Amino acid sequence: MTEVKVLIVDDEKEFASTLAERLILRGFAASAVHCAEDALALIHAGDIPEVILLDLKMPLMDGMEALAAIKEYDPAIEVIILTGHGSGGAVGVDAKKGAAFDCIMKPVDIKELTQKINLAAAKRRQYMEQEK
Amino acid sequence: MDKLNREMREEQLAFIGRMMAGVSHDFKNHLAIIRELNGLIGDMLELEPEKSAKHARYKKIIGDIDERVERAAEMCRYLSGFSHRMDQALSSFSVNDVLREALFLLQRTARQKQVALDSSLGEELPAIFSDPALLQFACYFIIRPALESLAKDGRVLVSTSEEGGGIRITITMEGERRSRGEGPAPAPGELLAGLAQELNAQVSFRPSVVAPQEVVLVLPPQIAAPPA
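Note that the protein sequences, when read in sequence, are chains D and C. Take the first sequence: its letter number 7 is residue 7 in this note's numbering, and every next letter is one higher. Add 132 to the 1-based position in the second sequence for this note's numbering, that's all there is to it.
Treat the hints with care, since some could be wrong.
[Stated by the list, open to error] Straight-line alpha carbon distances no greater than 20 Å define the calculated EDC-like cross-link-like pairs of lysine to aspartate or glutamate that follow: (1) D/LYS123 <-> D/GLU112; (2) D/LYS111 <-> C/ASP175; (3) D/LYS111 <-> C/GLU199; (4) D/LYS13 <-> C/ASP285; (5) D/LYS111 <-> C/GLU206.
[As the list claims (entries may be wrong)] Per label pair, the in silico range of CB-to-CB distance: (6) C/LEU179 <-> D/PRO59: 29 to 37 Å; (7) C/GLU206 <-> D/MET128: 33 to 41 Å; (8) C/ARG200 <-> D/ALA69: 45 to 53 Å; (9) D/ALA99 <-> C/GLU202: 27 to 35 Å; (10) D/ASN118 <-> C/GLU202: 19 to 27 Å; (11) D/GLN115 <-> C/PHE147: 34 to 42 Å; (12) C/SER340 <-> D/GLN115: 49 to 57 Å; (13) C/ASN137 <-> D/ASP38: 45 to 53 Å; (14) C/GLU139 <-> D/LYS123: 45 to 53 Å; (15) C/GLU202 <-> D/GLU3: 27 to 35 Å.
Don't read these hints as lab results, they were simulated from the structure. Owing to the predicted nature of the structure, the values given are computational and were not obtained by experimental measurement. Glycine residues also receive a C-beta, built at the ideal position from the N, C-alpha and C atoms.
Bound-form chain D, shown alone (with noise of 0.2 Å):
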């Protein structure tokens, strides 16, 4: 199996880059942007990734607007939404609404975020197939 290809968005750029470095050593192509108009540049741009990690507060577009634009431009990428907001069920029932495969209540924990990531691409992975 390749390597999972992860995008973090997130506008706190120590979370993002160290969280990218911890799934690189654990076997994934993790990368790191800080706002949603940079992921959806680089999606546009034609460098897709399997699963986005998407913080929910966020300066400008925030999370849930973005989810619903990379949906709307290919919505065979997972998003996992990762959220310090509210106490999590409201936020996950909104996430869910918008096609976010889940959510996650910073501050998350490394196994159980590296096996939602690995969930969500198995997913993305046999959509694409079928697409064949």
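Following the hints, position chain C against chain D.
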């Protein structure tokens, strides 16, 4: 309470809630960074080709930091939930969720007083449409004096059940009372009766309002949430 006073109180609570929610959100972001940096140190330690003599000690410290981060994050999650209860005065909510937040935030007082604060919350209770922040305040107003009036090794038990389509909250105090002058008096019945009236609820004290061993708050079915 007249309309203007009520609106002012609601706005003030919403303001406090927004401030608290913002701070707890920022705390969670800081905790997320601490956890990732701490985790990265752990990853790097594991990748070292030769483990130092202090490897196990370092791993233990990293584990301890992670455990503290998790505990602080749990507090932030409850604080967030509690803060957002004040966003709007009336909403549809689970009484059990509201009580879990209040009880979590009162655990510190319970530990200090060496009194157990336990719960036995009924399953599959109907959601109600009421003022969750006011309900938390009413429960706080019963539980905190109870914790302070009980002697060491006492117990406060909060339980919920369905009653006639509404929700019954029973707060029971078990154990010896502190001797006179050691703690404040139990909740004044008059103010609690006022809060219950605001919630359209019934409150009763057993055996007496002066030194209750059980306080029952019944939220009636007529304030149950209308279908969405």
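Right, here's what the structure says about each hint:
1. D/LYS123 <-> D/GLU112: Roughly 17 Å between the alpha carbons, so the hint for D/LYS123 and D/GLU112 holds.
2. D/LYS111 <-> C/ASP175: Satisfied, since the Cα-Cα distance of roughly 13 Å is no more than 20 Å.
3. D/LYS111 <-> C/GLU199: holds (15 Å)
4. D/LYS13 <-> C/ASP285: Measuring from Cα to Cα gives roughly 48 Å; hence the hint is violated.
5. D/LYS111 <-> C/GLU206: holds (18 Å)
6. C/LEU179 <-> D/PRO59: 29 to 37 Å: holds (35 Å)
7. C/GLU206 <-> D/MET128: 33 to 41 Å: holds (38 Å)
8. C/ARG200 <-> D/ALA69: 45 to 53 Å: Violated, at about 38 Å.
9. D/ALA99 <-> C/GLU202: 27 to 35 Å: holds (30 Å)
10. D/ASN118 <-> C/GLU202: 19 to 27 Å: Given about 23 Å between the Cβ atoms, the range holds.
11. D/GLN115 <-> C/PHE147: 34 to 42 Å: Since D/GLN115 and C/PHE147 have Cβ atoms about 40 Å apart, the given range 34 to 42 Å holds.
12. C/SER340 <-> D/GLN115: 49 to 57 Å: Since the Cβ atoms of C/SER340 and D/GLN115 sit about 56 Å apart, the hinted range of 49 to 57 Å holds.
13. C/ASN137 <-> D/ASP38: 45 to 53 Å: holds (49 Å)
14. C/GLU139 <-> D/LYS123: 45 to 53 Å: holds (49 Å)
15. C/GLU202 <-> D/GLU3: 27 to 35 Å: holds (29 Å)
Going through the hint list in order, the structure does not satisfy hints 4, 8.
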